[in-house]
Amino acid sequence: MSSFFWQGCLHPLIVPAHLMVILALGLLLGQQTPRTIRTSLTVYVVSLGGALLLTRVLPRLGQGELSLLVLALSLGVLVILKLKINLALVITLSMSAGILIGLDSRIANLPGLSANKIYLQLLGTALSASLLLSLPTLISFYLNKLLDGIAVRVIGAWVTAGSLMVLALLLHGLLQASNS
Amino acid sequence: MHNSYKKLGWIITLFIFMQSAAWAHTGAGAIGGFMSGFTHPLYGWDHVAAMVAVGILGAFLGRPAIWLLPVVFPVVMALGGVLGILGIPLPGIEPGIAISSIVLGSLIVLAVRPPLWVAAVLVASFAIFHGYAHGAELPNAANPLAYSAGFVISTGLLHLCGIAIGELIRWPWGKAVARTVGGVIALTGIGFLTGVL
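As they're listed, the protein sequences go chains B and U. Number 177 in our numbering belongs to position 95 of the first sequence; there are no gaps in the numbering. Number 101 in our numbering belongs to position 95 of the second sequence; there are no gaps in the numbering.
None of these hints come from the bench; they were simulated from the model. Keep in mind that a hint or two might mislead.
Said to hold, decoys possible - Just so you have them, the derived chain B footprint on chain U, three or more residues with Cβ under 8 angstroms:
(1) 51 to 59
(2) 64 to 76
(3) 126 to 135
Unchecked claim - Simulated restraints, written as ranges between beta carbons of each label pair:
(4) U:Thr-200 - B:Lys-227: 35 to 41 angstroms
(5) B:Asn-191 - U:Ser-131: 51 to 57 angstroms
(6) U:Thr-186 - B:Thr-115: 21 to 27 angstroms
(7) U:Leu-122 - B:Leu-228: 18 to 24 angstroms
(8) U:Gly-93 - B:Asn-168: 23 to 29 angstroms
(9) B:Leu-213 - U:Leu-166: 25 to 31 angstroms
(10) U:Ala-170 - B:Gly-144: 23 to 29 angstroms
Note that CB positions come from ideal geometry on N, CA and C, so glycine has one too.
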């Protein structure tokens, strides 16, 4: 049984789009006030948990990677700009991240696979994706006090660059598929 | 006989623990894609020279160039990558990359301190050529997102190497070292442009 939980824990680590969103959101949260960080983390965890449970009843999320990349790109740009963002926007972004990662972490419903094992795996994913977010948030929060947060903005630029290129590749593929 | 049953029992137990559910994402190709992207800029000496030069130049110019140039470069490089992915023709990619090493290296060796906007525009225009070359490779990658993450991180680390070299200018001997590296970068660019390297 424990292997199912462990596999759930590993899931966010093996999906680059999930990692990209978690990293970008963490960097952005680290640039905010402690109160905003606490509220946003709570919203993220609740949204993630809800979305993971919804994967049991909802159909597969179409263009999950595309949506995640758009979100990572937006978060990366906000990290670079380091603007004063209001609480509502940070909460909306955290909620979107939780929902998109959760819905994209669907487990195929194989015949004979008990519901307990699926829920255990989803629990692992929820726990791991939540802990993963707290790590870049903490690092970003402390790095922001160092050299005016230069390092955080540079990493934000890396996330933006990576997301933009793959987003272009995906959109190009979609356009080509629709034309043919 | 009893031992055989015992062994069989262990094997069955092992298989029970090894079974797993099927995920939509298996992670296959992610590590390979990341490593392939990470090593891509390192194999091209023309890329390495220019990336290091961006870092040194940023450190030479001080704040805010030290962070602005390493932020401008990957973002504009991504735009160049988009042009490469879309297959929009851009002439002189390889000469452009070589010229970037010559110009940036010369600025360092001659200790020229251009205004921030000039340095940013120069770095941004060269980034287009570097990004185009990477972007053209992206569609062939096993996992494009892991590939792009790998090469963007690798590029950033090369910038950091450049910043570390540039930070040596605090000491008189360090200034000489940084300018020498700038000279080597400019010569590398000339080598690539003339086809010697």
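Does the structure break any of the earlier hints, and which numbers would those be? 1, 3, 4, 6, 8, 10
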